[in-house]
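Engineer: Sequence:
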Amino acid sequence: MKRQKWLSYTGIMIMLVLLTLTFIWHLSIGTKTIPISDLIHSFYAYDESNFNHLIIQELRFPRALIAACVGACLAVAGALMQGVTRNPLADPGLLGMMTGGALAVVYWSTFVDVDSLVWLPLIAAIGSLVSAMIVWSIASRAPGGLTSLNLILAGSAFTAFSAALLAIHHLIDQQTFEEMRTWLVGSLLASNIDIFYWCLPWIVIGLLAAIILAPSVTALSMGEEVATGLGINIKKRKWQLLICVVILTSVSIALAGPLGFIGLVIPHVVRFFVGADYRWIIPYCILLGAIYLLFIDSIARWIIQPQEVATGLITVLIGAPLFVLLVKMKVR
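The opening residue of the sequence shown carries number 1 in my numbering; numbering runs sequentially from there.
Keep in mind that a hint or two might mislead.
[To be verified] Distance windows between CB atoms, simulated: (1) S156 <-> I14: 48 to 56 Å; (2) S140 <-> Y44: 54 to 62 Å; (3) I212 <-> Y44: 33 to 41 Å; (4) T10 <-> I40: 25 to 33 Å; (5) Q4 <-> L59: 19 to 27 Å; (6) A167 <-> P201: 15 to 23 Å.
The hints are simulated quantities; they were obtained by calculation from the structure and are not laboratory data. Here a beta-carbon is modelled for each residue, glycine too, at the ideal position from N, C-alpha and C.
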């Protein structure tokens, strides 16, 4: 037991080192490669007349900060959903929360001017919560009740319905849709630091709540009978966890659009190394999710310089094969 704890703490330290290195790499590469010396000086001896310093402070540092936080939030949201539903395929995207939040933001942006974009996290949260409640309600009323299969089927149906509504919106208001097209596939290109500052308290609340509730998720992942035996109020705790997932998902949508596969893949990778204890899964998901999205966004900026690919496309291109590989390894 002590050896296992020691290995887990060692893993956390390794993750922190990897996160630091990935963050520095993300700041350094791009259309213009910036030397490490300029990168360091931009923080400790900032000179606004130095073009490299301006690039770091005004563009790359805010984007890296947002990428790390969004990656952490989505990874934790996916882990919580997989634990609560006891379904390895559960994820905010597959259960309709991503498209629901995006749908709410798109329709909101059609009727509200740009100055009101500070409300994006709240609108995304409302869209995600309503989507989750609809999917949950449909799955509960299906034959067999709230099973994992019913949840996935209801989520898939709602996702398709939301996609249809987005297509209708495209026909009605092509200008707004074109303006948000890159955001709709998931992108950090237009990262807004003001929205990030508005979201930051919610990010902290969501991640801290996930860490505090982690032991309950471990119990729920073993079955409701086990959780009840440990004195957990199942209904109350599930609602608390759902609200936590909605917070983490909505801030991610507001900051980067609907990014797929992060919440699906990262928890599987983490469980492969640390097992089924959510007291370790959540911290590892925070770190690995941040590392993963920083790495993905770096590739998106580097692969076709001086242009860049939408981050959401890279998450799908890498995440889908990686998920298939993980499934094959589990089957064996």
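Engineer: Could you run down the list of hints and mark each one as holding or not?
Structural biologist: The hints, checked one at a time:
Restraint check, S156 to I14: a C-beta distance of roughly 37 Å breaks the suggested window 48 to 56 Å. At about 56 Å, the beta-carbon gap between S140 and Y44 stays in the expected band of 54 to 62 Å. Separation of I212 from Y44 is about 36 Å and conforms to the stated range, judged on CB atoms against 33 to 41 Å. Separated by about 28 Å at the C-beta atoms, T10 and I40 satisfy the suggested range of 25 to 33 Å.
The hint said 19 to 27 Å for the Cβ distance between Q4 and L59, and at roughly 43 Å that hint is violated. Distance hint check: the CB atoms of A167 and P201 are about 35 Å apart, inconsistent with the given range 15 to 23 Å.
This entry does not satisfy hints 1, 5, 6, going by the numbered hints stated previously.
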